[in-house]
Amino acid sequence: MSGAHPLSQNVDGADREQASTRDETPLQALVRVAVALRASERRAIRERLERYFGRPLELIVEQDPSILGGVWARVGDVVLDGSLRGCLEALRHHLRSQSRAMISADLRISGVRASERDHR
Amino acid sequence: MQELGLDLGLLLSQIVNFGLLAIVLSLLLYRPILRKLEERANRINKGLDDAERAQQMLAEAQVEYQNTLERARREAHEITERATRLAEQQRQEILAQARQDASDIVARTEQQAQRQIDESQLASRQQIIDLAVAIASRLIAQNLDEAKHHELIEEFLAEVEQLK
Chain F
1 MSGAHPLSQN
11 VDGADREQAS
21 TRDETPLQAL
31 VRVAVALRAS
41 ERRAIRERLE
51 RYFGRPLELI
61 VEQDPSILGG
71 VWARVGDVVL
81 DGSLRGCLEA
91 LRHHLRSQSR
101 AMISADLRIS
111 GVRASERDHR
Chain Z
1 MQELGLDLGL
11 LLSQIVNFGL
21 LAIVLSLLLY
31 RPILRKLEER
41 ANRINKGLDD
51 AERAQQMLAE
61 AQVEYQNTLE
71 RARREAHEIT
81 ERATRLAEQQ
91 RQEILAQARQ
101 DASDIVARTE
111 QQAQRQIDES
121 QLASRQQIID
131 LAVAIASRLI
141 AQNLDEAKHH
151 ELIEEFLAEV
161 EQLK
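Protein chains in written order, with my numbering: chain F, 1 to 120; chain Z, 1 to 164.
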């Protein structure tokens, strides 16, 4: 996975604070993976998430091939998207934005050319 | 006198008779004829005067006519020139307006065409992007083996570890 991983995109300090209240009751953590998790992986995911949110979690694991690969997790309102689907969606979003920006730039250039020609 | 064969008495009487005849002729014929001739001469002179006056008046009328005609020509020329100038000015204004309108229409049409091209390009690019992402998804799904899936899970765990 690359450095610009979407994993960090949906993590906000306030959201994390909200998710990690001082309450010790387990918080539901929905985890989606493309393949069946090994027991060690399940344990590791629970540990890492509990450490990150600072409270016990009740892990619900779903197998969802549509995420293609990696892990997608939601704890409270916080989403940690480490899936390949998330990567591809982020890439698509970025390319679409770039495409729109390029078209807008072309439009501005053609507008400037048209106004210059009108002045002549 | 007698030696010359002339009768003095007869001569005297003839002189007297001639004198009387001359007086009578002068009174009855010569003077009226002279008067008539004078009247005729006066009439002729008056006719000549009238004719001269008429000719003078005609000349004046002709001059006046020429002046009036010249003035009318000048005015007509001025009116024509003014009308021509006005028409030319209006023609220039109409032409300028028409050029401006045409230029506006061309600019608007070009902008619309450009916008449509841009929208079409944008739609095409986005379709290409969607298609590329869909193909990439399909290829990834087909080529990702079990081991790679678990590697990705490990990477996720490592990244969660790095989150603060």
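Because the hints were derived from the structure by calculation, they are not lab data.
Errors might be hidden in some of the hints.
Covered stretches of chain Z (chain F as the covering partner; in silico rule of three or more C-beta atoms under 8 Å from a C-beta of chain F) [to be verified]:
| no. | segment |
| --- | --- |
| 1 | 121-131 |
| 2 | 138-148 |
| 3 | 157-163 |
Beta carbons: idealized from backbone N, C-alpha and C, even for Gly.
Comparing the hints with the structure gives:
1. 121-131: Satisfied; 6 residues make the cut.
2. 138-148: holds (count 5)
3. 157-163: This one holds; 5 residues, not fewer than the three required, reach chain F with a Cβ under 8 Å.
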